[in-house]
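Novice: Sequence:
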Amino acid sequence: MSAELNTRQVYLVGGGIASLAGAAFLVRDCDFPGQNIHVLEEMKVLGGSNDGAGNGEQGYVIRGGRMLNDETYENTWDLLRSIPSLDHPGLSVRDEIIAFDTAHPTHSNARLVNREGQVEDVTSMGFDMADRLAMVKLIMTPEEKMGKARINDWFGPHFFETNFWYMWATTFAFQPWHSAVEFKRYMLRFMHEFPRIHTLEGVTRTPYNQYDSIILPLQKYLEEHGVDFSLKCTVTDLDFREGDEITVTRMHYLKDGEPRVLDLAKDDLVIVTNGSMTEGYSLGSMTTAPKLNGKGSSWQLWDRIAAKKPGLGHPSSFDDHIDGSKWESFTVTCQDSRFFDRMEAFSRNKAGTGALVTFKDSSWLMSIVLAHQPHFRNQPERVKVFWGYGLFPDRVGDYVPKKMSECTGEEILTELLHHLHFEQDMEAIISTANCIPCMMPFITAQFMPRTIDDRPKVIPDGSTNLALISQFCEIPDDVVFTEEYSVRAARMAVYGLLGLNKPIAPINQYQYDVRTLLQGLVTSFR
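Numbering-wise (the UniProt record's numbering), the sequence shown opens with residue 1 and increments by one.
Accuracy of the hints is not assured; some may be wrong.
What the hints assert, rightly or not - Mimicking DSSO-like on lysine-lysine, the simulated pairs with C-alpha atoms at most 27 Å apart in a straight line are:
| id | residue 1 | residue 2 |
| --- | --- | --- |
| 1 | Lys402 | Lys220 |
| 2 | Lys308 | Lys148 |
| 3 | Lys148 | Lys402 |
| 4 | Lys44 | Lys148 |
What the hints assert, rightly or not - Computed Cβ-Cβ distance ranges for the label pairs, DEER-style:
| id | residue 1 | residue 2 | range |
| --- | --- | --- | --- |
| 5 | Met426 | Gln300 | 42 to 48 Å |
| 6 | Ile504 | Phe525 | 51 to 57 Å |
| 7 | Leu521 | Gln35 | 37 to 43 Å |
To be clear, the hints were calculated from the coordinates, so they are not data collected in a lab. Quick reminder that beta carbons are idealized off the backbone N, C-alpha and C, glycines included.
Could you put the whole structure together from the sequences, leaning on the hints where they help?
Specialist: Right, dumping it as structure tokens:
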């Protein structure tokens with residue numbers, strides 16, 4: 001190892017999967033000493049949006065669930081092949097996930113449910129010819145000609161009443177006012193999933209929630225290599241050398257409430273997670289509704305550095321539109337199996353084999369999913385946990401006459417049970433359940449309409465020591481709101497800043513596969 005690498009320090013701002021992946025690539029591929037890698041995280045726990053916390057008594061919380069896909073997520077799988085399983089000696093996390101998913105394959109039998117509580121036949125996408133033509137036009141139009149166009153600029157009202165839209169929108173959390181460019185990228189990136197969107201067979205499950213299944217083994221791997229983690233450490237600003245180049249010279253941060261300064265040496269590197277999907281989140285309870293918060297430290301840091309240097313993006317396109325980017329999730333902890341028994345009979349899916357069950361006529365556009373149990377490492381056998389969310393939290397419920405955003409956990413659970421027509425068991429289910437709502441103001445901020453330069457490059461033009469690795473950097477052709485986007489960005493940042501000539505797994509281009517195209521065409525007429 002060179003003397004330069006022995007003294008060079010790397011500072012990763014943020015403790016989410018992007019920074020953890022970046023640290024792992026430094027260790028695995030760059031022979032970088034772990035003690036020279038520093039992860040600075042504001043919270044008291046690592047993982048960022050890959051969270052999972054709680055216990056059987058006070059209840060569990062997952063703000064969101066990240067879906068994996070075995071045929072995409074190219075760099076994520078490459079990384080997880082190198083991370084040892086916590087539970088199965090000799091296996092990697094990748095091996096463990098595939099073995100679990102093979103044993104518990106996904107095949108939804110109840111993807112959409114109507115107001116009468118009946119499972120809809122979703123074999124047909126429901127397109128008319130105008131929908132098909134608009135889709136072809138969208139896919140064929142170059143991104144640079146689309147600008148800040150929204151999805152509803154490309155499609156008429158009929159499209160948003162199709163089975164396809166209800167399924168695709170709730171699988172990926174799209175809204176009609178979101179970016180048409182991002183929607184186009186999803187249609188290309190997941191073209192192979194289009195024919196099976198009604199069963200979600202392409203979804204790959206982790207044995208537990210993503211924090212327990214991915215973050216914990218990744219953290220242990222990094223700890224064993226001596227990586228330095230500074231928790232409850234908030235980076236507030238970066239100073240730059242004067243001139244046209246982008247060179248970070250100083251880092252400002254808060255530690256234990258005290259402002260501190262770190263001067264960077266000549267060869268040190270800074271890799272920043274700019275912006276956050278889950279920042280500003282607020283939890284409610286069975287008796288209280290969550291609050292709607294605003295910007296926190298991650299967005300404020302990006303705002304500050306973008307104002308100092310051109311080429312670092314325009315965060316206002318993403319963080320100044322909370323009404324367009326917020327939605328509300330909820331995690332329900334059940335003290336017995338009554339709800340799960342009813343749902344398994346209703347959906348004809350054992351927990352962990354189905355997918356999102358979406359109530360298409362719900363004013364909140366509510367969906368739930370029952371994962372394989374236990375979903376947490378410390379979950380007692382008698383306890384069951386499921387997750388759900390509503391895409392329209394400012395609409396009044398169909399059974400509870402309040403906006404979802406104003407509802408307590410008990411009221412959200414009441415609305416859900418009415419949509420399922422489980423009124424007979426409602427009192428028994430509610431009395432033994434704990435529903436914790438979670439409001440997330442920026443959860444789909446990365447889908448907001450944008451221009452090509454609103455997201456900075458992973459390594460901005462002129463940068464000598466700074467990279468950006470969040471869901472709000474620009475990776476051509478790839479799709480935000482995925483684990484892969486964060487992992488790919490981290491790999492690009494590490495290899496690029498260190499000048500490493502190693503390949504980065506390319507994006508699978510399904511739009512050039514004749515068989516995939518043919519299957520997509522047939523599906524559009526189904």
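Novice: Using the Cβ atoms, figure out if Met426 sits within 42 to 48 Å of Gln300.
Specialist: 44 Å, holds
Novice: Is the hinted pair Lys44 and Lys148 satisfied, with a Cα-Cα distance of at most 27 Å?
Specialist: Roughly 37 Å between the alpha carbons, so the hint for Lys44 and Lys148 is violated.
Novice: Starting from the range 51 to 57 Å, see whether the pair Ile504 and Phe525 falls in it by beta-carbon distance.
Specialist: 37 Å, violated
Novice: With a cut-off of 27 Å on the C-alpha distance, tell me whether Lys402 and Lys220 pass.
Specialist: 45 Å, violated
Novice: Is it true that the CA of Lys148 sits at most 27 Å from the CA of Lys402?
Specialist: 33 Å, violated
Novice: Verify the proposed pairing of Lys308 with Lys148, using a straight-line Cα cut of 27 Å.
Specialist: 25 Å, holds
Novice: For Leu521 and Gln35, compare the CB-CB distance with the range 37 to 43 Å and indicate the outcome.
Specialist: Given a distance of about 55 Å, which is not inside 37 to 43 Å, the answer is violated.
Hint compliance for this structure: hints 1, 3, 4, 6 and 7 are not met, and every other hint is.
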